[in-house]
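Protein chains: 4
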Amino acid sequence: MLLKTLREEVLEANLELVRRGLVLYTFGNASGLDRNEGLVAIKPSGVPYEELKPEHMVISDLEGVVVEGKLRPSSDLPTHVELYKCFPNIGGVAHTHSEFATAWAQAETPIPCFGTTHADYFHGPVPVTERLTTGEITGEYERETGRAICRAFSNLNPDSVPAVLVAGHAPFCWGPTAASAAHNAVVLEYVARMASHTLLINAESRPLGRELHDKHFLRKHGSNAYYGQVKTQ
Amino acid sequence: MLLKTLREEVLEANLELVRRGLVLYTFGNASGLDRNEGLVAIKPSGVPYEELKPEHMVISDLEGVVVEGKLRPSSDLPTHVELYKCFPNIGGVAHTHSEFATAWAQAETPIPCFGTTHADYFHGPVPVTERLTTGEITGEYERETGRAICRAFSNLNPDSVPAVLVAGHAPFCWGPTAASAAHNAVVLEYVARMASHTLLINAESRPLGRELHDKHFLRKHGSNAYYGQVKTQ
Amino acid sequence: MLLKTLREEVLEANLELVRRGLVLYTFGNASGLDRNEGLVAIKPSGVPYEELKPEHMVISDLEGVVVEGKLRPSSDLPTHVELYKCFPNIGGVAHTHSEFATAWAQAETPIPCFGTTHADYFHGPVPVTERLTTGEITGEYERETGRAICRAFSNLNPDSVPAVLVAGHAPFCWGPTAASAAHNAVVLEYVARMASHTLLINAESRPLGRELHDKHFLRKHGSNAYYGQVKTQ
Amino acid sequence: MLLKTLREEVLEANLELVRRGLVLYTFGNASGLDRNEGLVAIKPSGVPYEELKPEHMVISDLEGVVVEGKLRPSSDLPTHVELYKCFPNIGGVAHTHSEFATAWAQAETPIPCFGTTHADYFHGPVPVTERLTTGEITGEYERETGRAICRAFSNLNPDSVPAVLVAGHAPFCWGPTAASAAHNAVVLEYVARMASHTLLINAESRPLGRELHDKHFLRKHGSNAYYGQVKTQ
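Chains as they are written, first to last, in the numbering used here: chain W, 1 to 233; chain L, 1 to 233; chain A, 1 to 233; chain H, 1 to 233.
Calculated from the structure, these hints are not laboratory results.
Nothing here was measured: the structure is a model prediction, and the numbers come from that model.
If a hint is listed, it holds; no wrong ones were tucked in.
The list treats identical chains as one, so a pair stands whether inside a single copy or across any two.
DSSO-like mimics (lysine-lysine), calculated; alpha carbons at most 30 Å apart, straight line:
| id | residue 1 | residue 2 |
| --- | --- | --- |
| 1 | LYS53 | LYS70 |
| 2 | LYS70 | LYS215 |
| 3 | LYS4 | LYS53 |
| 4 | LYS70 | LYS220 |
| 5 | LYS53 | LYS85 |
| 6 | LYS220 | LYS53 |
| 7 | LYS4 | LYS85 |
| 8 | LYS4 | LYS70 |
| 9 | LYS85 | LYS220 |
| 10 | LYS70 | LYS85 |
Construct all of the structure, not just a fragment, from the sequences and the given hints.
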């Protein structure tokens with residue numbers, strides 16, 4: 001069996017989405033990439049989470065062709081693959097229909113950075129993709145979704161803003177590993193929830209200033225980070 | 001005892017409503033139909049869910065006349081029966097007062113299709129019935145509720161839009177089985193919740209375009225569906 | 001020890017408020033009345049719920065004078081006593097600071113009857129009291145709160161509308177027993193929650209018509225009720 | 001090992017924040033002060049709560065210099081230290097990014113006293129700090145955050161209003177002990193949640209009058225308090 005450790009990490013990332021209340025029934029999926037092998041491990045489509053085992057993960061190449069696994073991969077696999085090809089540093093992708101992040105995607109509104117919780121994880125607003133064209137929808141729909149995400153980052157650094165809202169659909173998140181992608185999905189939902197409340201309390205709420213946004217992001221990321229323990233960060 | 005398997009399926013569908021947080025106290029009810037026998041199994045009225053056993057389910061014919069069971073059937077039985085007569089392909093009905101779907105019913109506002117989560121299950125907005133007339137309320141109220149639902153689908157396909165909001169009351173959902181009716185009730189609540197947040201974030205939110213709505217619905221339903229596993233779908 | 005059964009019923013009603021998520025820390029209190037004895041059993045003030053035992057309940061007369069119990073009664077006891085004197089048919093009172101019902105009380109807005117869930121329990125809008133005067137606040141504050149509730153029902157039947165919102169404070173609910181008072185408090189919170197969502201979805205939402213409001217209330221209450229089982233209702 | 005009891009109290013206060021749903025992952029931190037020793041015990045930075053033991057608490061002096069502990073202290077330690085120096089009666093500080101209190105901080109809107117739940121704990125609106133200047137952000141950021149809080153209380157009594165909203169960040173709460181600081185953080189989140197709902201129900205909601213605000217605060221605090229049991233208050 002290929003990629004035993006990656007399968008376990010991907011399964012664990014999928015289960016983290018369940019534990020944190022981000023998925024209903026079989027919604028959502030997380031994957032991980034082994035860049036040396038050029039292989040992706042992803043959750044199978046429509047299988048109840050409580051039954052998932054490492055051996056159920058489906059292995060595909062970077063064109064989305066299954067190379068090991070008896071089950072169908074998640075129907076969103078072509079989107080994951082596009083992200084791995086477009087964003088060279090990422091090693092994990094998580095997709096959910098979590099309640100508030102999905103609402104922002106449905107509202108086609110970028111999530112402004114209203115506070116330091118957001119700034120700790122996302123170095124700028126969380127962007128929204130363009131709507132797909134009719135041709136993209138009726139063609140290679142899932143792959144085009146990945147391409148639309150890629151285009152949304154033409155002037156953005158995906159390592160600093162590890163999340164996107166697909167217009168009318170839901171969020172995709174990523175990170176160096178499947179675990180970090182799932183972690184970012186959990187934080188995105190929390191940030192989306194608080195941003196929604198913020199607007200309801202004060203419709204004129206202002207985004208954080210650039211200096212504070214930088215301060216918090218860089219307190220946790222990069223060579224001068226000083227949050228957390230040295231060994232574990 | 002008649003319809004042992006159907007009783008168990010109906011009990012399980014009722015318990016699914018509880019597990020998913022859709023019912024308070026004895027609110028809500030699910031039923032199932034055996035079209036060969038022309039018999040319905042439904043939850044009894046006002047009995048605590050934790051005490052329910054298969055033998056408590058009440059069996060009625062398609063006129064709502066009880067043919068087996070010592071307990072009174074749910075007072076909404078005549079509504080269920082009308083739906084079974086009006087919608088020829090359905091085999092299960094679930095009725096809840098779930099929090100957000102009920103709020104949309106109370107607001108007498110159809111739930112627009114704001115995203116693919118909705119489109120995966122409901123091929124169009126979830127409609128609202130007309131208010132009942134005084135005569136309908138003081139007459140065969142529960143049966144008239146079923147007839148009002150039937151009228152709301154005079155130009156809609158109930159197999160593609162397996163849910164309705166009864167004005168000033170709450171949702172009814174259905175499907176080929178009692179389990180699928182309960183499943184649709186759970187998803188409807190989730191969709192209603194996200195649609196409400198969507199409007200709060202952006203009061204000008206636009207429904208999904210027809211192409212993407214079709215794409216997602218047909219990705220999960222019909223002869224070209226490719227979501228899930230072949231054997232389990 | 002006086003009133004052993006009533007103590008147990010009152011304890012159970014208090015614990016129901018906890019189980020249903022209506023109380024934070026030591027907030028809230030429920031009491032029961034034995035009209036034959038003219039004695040009230042009520043939760044002690046500020047004692048953690050998990051430690052409560054029947055013998056901790058405090059027994060007072062209808063003037064609020066403690067006749068048995070080593071602990072101080074809930075500081076709201078004088079409000080409960082006023083309600084027992086003003087509303088001749090009630091045998092239980094429950095007071096919580098539950099999240100949405102309290103928000104309506106703080107908004108000083110009666111809860112309109114937007115749907116049948118409301119109509120099943122409350123035969124009209126849930127009213128709000130007048131604000132207390134400075135003299136009432138600095139005088140017998142808790143007793144004056146009870147009197148303000150009583151005045152709010154000068155043209156209302158407390159048996160048909162078993163709840164009130166005290167302006168700037170929180171709800172009080174009641175019923176024939178402590179258990180029914182707690183049950184009404186749980187349903188009131190659910191109704192308050194849905195009414196809030198209803199307004200957000202459609203600010204022009206209309207209350208239920210009188211006929212449907214009557215129909216649902218009388219389906220569950222009075223001599224022609226037909227909801228639930230004959231023996232248990 | 002220094003301050004064994006204080007370490008246990010601080011750990012317990014941190015765990016209370018978790019039990020009450022105020023923290024996600026490693027967000028948040030609580031500390032306690034021994035004024036005789038001039039030493040603070042605080043949670044280490046970025047360590048999962050489920051692994052925390054008393055010996056992991058980090059001990060610092062009132063300048064924020066670590067005097068015992070192998071782990072890095074919470075990065076917010078300089079803020080805690082400033083509060084201990086500015087507010088002479090407090091012995092505990094709790095900082096969370098709890099959902100609704102953080103939303104009010106992000107909206108840069110003081111929480112009005114809409115009801116008696118608020119008045120029971122906070123004798124006035126919960127204030128918001130000024131935004132920090134660029135120099136403060138790029139300088140001793142966490143210490144400046146503490147100074148901004150201190151300035152926000154130049155005309156307020158921190159013993160009567162034991163909470164603040166740091167603009168664009170989140171709440172800090174305090175009290176005589178770490179336990180009371182955590183308790184106040186839990187109540188603040190509940191009050192923030194209800195205040196938000198109150199505004200949605202009625203955008204013209206009025207704050208509580210001064211007399212009732214005083215009445216409730218003084219019913220629970222000071223020499224004439226009569227809430228709770230004599231021995232436990």
